[in-house]
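Novice: Same order as they appear, the protein sequences are chains A and B.
Going by this note's numbering, the first sequence opens with residue 1, and the numbers climb by one from there.
Going by this note's numbering, the second sequence opens with residue 1, and the numbers climb by one from there.
Hints are computed from structural coordinates only; laboratory data are not their basis.
Incorrect hints may have been included.
Any copy, or any two copies together, can satisfy a pair, since identical chains are not distinguished.
Stated by the list, open to error - Derived lysine-lysine pairs resembling DSBU-like cross-links, with alpha carbons at most 35 Å apart:
{"hint": "1", "residue 1": "K326", "residue 2": "K316"}
{"hint": "2", "residue 1": "K23", "residue 2": "K215"}
{"hint": "3", "residue 1": "K264", "residue 2": "K213"}
{"hint": "4", "residue 1": "K213", "residue 2": "K170"}
{"hint": "5", "residue 1": "K215", "residue 2": "K326"}
{"hint": "6", "residue 1": "K23", "residue 2": "K40"}
There are 2 protein chains.
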Amino acid sequence: MKTRYGILVLVLAGSAAAQKQSKPLVIEEQGSFFVGGETKVLPAPPAAPNGRGPGLPGGDITVNQMYVQYQIPPNGNRHVPVVMVHGCCLSSKTWETTPDGRMGWNEYFVRKDRPVYLADQVSRARSGFDPSVFNAVRAGTVPPSQLPTVLDASHQGAWAVFRFGPTYGKAFRDEQFPVSAVDELYKQMIPDLNSTLPNPNPTWINMAALAVKLKGAILMGHSESGFFPEQAALIDPSGVRGIISIEMPCATTLTAAQLQTLAKIPTLVMFGDHLGDVQGFNNWPTSFDSCNAFVKQVNDAGGDAEMMSLPKMGIKGNSHMLMQDKNNLQLADLILAWIDKHVEDKHVEKKGR
Amino acid sequence: MKTRYGILVLVLAGSAAAQKQSKPLVIEEQGSFFVGGETKVLPAPPAAPNGRGPGLPGGDITVNQMYVQYQIPPNGNRHVPVVMVHGCCLSSKTWETTPDGRMGWNEYFVRKDRPVYLADQVSRARSGFDPSVFNAVRAGTVPPSQLPTVLDASHQGAWAVFRFGPTYGKAFRDEQFPVSAVDELYKQMIPDLNSTLPNPNPTWINMAALAVKLKGAILMGHSESGFFPEQAALIDPSGVRGIISIEMPCATTLTAAQLQTLAKIPTLVMFGDHLGDVQGFNNWPTSFDSCNAFVKQVNDAGGDAEMMSLPKMGIKGNSHMLMQDKNNLQLADLILAWIDKHVEDKHVEKKGR
Chain A
1 MKTRYGILVL VLAGSAAAQK QSKPLVIEEQ GSFFVGGETK VLPAPPAAPN
51 GRGPGLPGGD ITVNQMYVQY QIPPNGNRHV PVVMVHGCCL SSKTWETTPD
101 GRMGWNEYFV RKDRPVYLAD QVSRARSGFD PSVFNAVRAG TVPPSQLPTV
151 LDASHQGAWA VFRFGPTYGK AFRDEQFPVS AVDELYKQMI PDLNSTLPNP
201 NPTWINMAAL AVKLKGAILM GHSESGFFPE QAALIDPSGV RGIISIEMPC
251 ATTLTAAQLQ TLAKIPTLVM FGDHLGDVQG FNNWPTSFDS CNAFVKQVND
301 AGGDAEMMSL PKMGIKGNSH MLMQDKNNLQ LADLILAWID KHVEDKHVEK
351 KGR
Chain B
1 MKTRYGILVL VLAGSAAAQK QSKPLVIEEQ GSFFVGGETK VLPAPPAAPN
51 GRGPGLPGGD ITVNQMYVQY QIPPNGNRHV PVVMVHGCCL SSKTWETTPD
101 GRMGWNEYFV RKDRPVYLAD QVSRARSGFD PSVFNAVRAG TVPPSQLPTV
151 LDASHQGAWA VFRFGPTYGK AFRDEQFPVS AVDELYKQMI PDLNSTLPNP
201 NPTWINMAAL AVKLKGAILM GHSESGFFPE QAALIDPSGV RGIISIEMPC
251 ATTLTAAQLQ TLAKIPTLVM FGDHLGDVQG FNNWPTSFDS CNAFVKQVND
301 AGGDAEMMSL PKMGIKGNSH MLMQDKNNLQ LADLILAWID KHVEDKHVEK
351 KGR
């Protein structure tokens, strides 16, 4: 046992040392901005000043805006920007420093010369949410039954849904998620107010608009947002150069016209391991099957869609949070190689026209 | 008129060009992490799966954690880190790209070799909030009257409280806030759930803990969080090397022992212009007076506190959002010079001991 773990420690220590020795990060431009957003007129002036200033009539608020934070490396203009959108009960923290302190995909992609844009979903984190219904219930003008569900993932739920192990607190033997740092993941899990959103989800609209603003972008979604790139492309495909969908249920009832639209966009779908190995939670095999069907539909419509099932490629033990798993940079390399082959080559062609 | 505006345009264009020509940003290390956070056991398992997975018992969530995003420049270890904490109804977006697209204080301080840490207040943005009371009201186990106030700043309220002009839509003649881009500020304004927090505010505790973790830091607060650096220092002063408090009401009933604690920490208070010039909103003169009194109390206790009233220094037209005003980098230079003189000199002394 000692020898076995001794090797493991050495390998990990070597990896950590390699990361510490990484060169300083050079950024050509960084910043943040919003996409979308519309004015909502509040129905009545509040009784209390409530930040409006006394004597001021009623008030307008802005809703449905999407906060975006970006970094562009010096050679960024040679590559198609990548937009990363997090999943349920999470924020853009998803893509940053991992729970055990390693480099996240956001920085790694920048170090690989990609402009990276992190978007907080509308109604989450720095994008804010529309609070008017909560205050209306509090004021008694709306019944409590109209309160939206505030989705919060518990530790126990995350352990199961994110596939850290067969039962709560017990990790899979080959688990890639850094379970010793799982408490740091739990801190990332924040309330999800997507149930307050109109249809279509403003995040889809804003992702499509962001891709246009960037004059072409690859949209990446995960879990709750895994199919958002497709939804964005169905609203406006003109800016969407590529789609990366990670671990989610796929729609399989799209129309022929919708499939035609998606078939014009290179699409990568990625799934990790242990899909059917969690006791009492069996949604993942169904999601996987739906995405295999979706990939086939897109390809049958003349598209370029690929299902990357990690265990089928010999990469074992990946959790649902594969961008935070111990082999997260290996997986990033797979995605970067896919982008180079399926999106960037076409991008160059288009530029050359 | 044409000539006048022609000059203005030239000056602005020159400034924008200068910014575009700025050298690439070099980052020694960047990332994000959480400070604080504790486990809360939810009282009963929800009826719906609700992200917990069917068959799983109840659930725990993490609350009161504080999300922190940081960048350390190559020479960062020569300077005391600066922690920036935003105000009411805002997030760390406050310190980033300004509404009209100029550089924010976060990047400017990094370019001036300072390690910068942006903290989203507990219960806001990427720090999340405790949603259990909302779901309890929805489930009918708690009456609607127990719903917390969700503070949302309206456009009209922000215009008045942030002092963009005497009445809504009309700017002061010398207004420094980029009012043509005010819609972009409105998108930054997100619901404030501080009313759900326990006392003492976990953000104070986490700010003090962050200063200790960083082996010394300057804490900067603004508006709602303007006095948070002092509150953090009163909980644990051991990591707090300096305090920068921007535009807030100050406590004037501190005990002699509390003033003794604060008197050991160099403190800068900064206020902008037009404090009494907004029709129907007269809180600012009172806040200014309370802070003048506080500064005197700290100095009377042997401290090093300074009130920087910008109009008294001949710098006119600054709004409440002075980190976003057109002269924001000039104000940053004032703060950096104050840090160099009042904090860093002492820092060097301490290191030399």
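Novice: So, for every hint listed, does it hold in this structure?
Specialist: Status of the hints after comparison with the structure:
{"no.": "1", "hint": "K326 to K316", "result": "within (11 Å within a copy, 53 Å between copies)"}
{"no.": "2", "hint": "K23 to K215", "result": "both (30 Å within a copy, 24 Å between copies)"}
{"no.": "3", "hint": "K264 to K213", "result": "within (20 Å within a copy, 50 Å between copies)"}
{"no.": "4", "hint": "K213 to K170", "result": "between (45 Å within a copy, 31 Å between copies)"}
{"no.": "5", "hint": "K215 to K326", "result": "both (34 Å within a copy, 29 Å between copies)"}
{"no.": "6", "hint": "K23 to K40", "result": "neither (47 Å within a copy, 41 Å between copies)"}
The structure does not agree with numbered hint 6 stated previously, though it agrees with all others.
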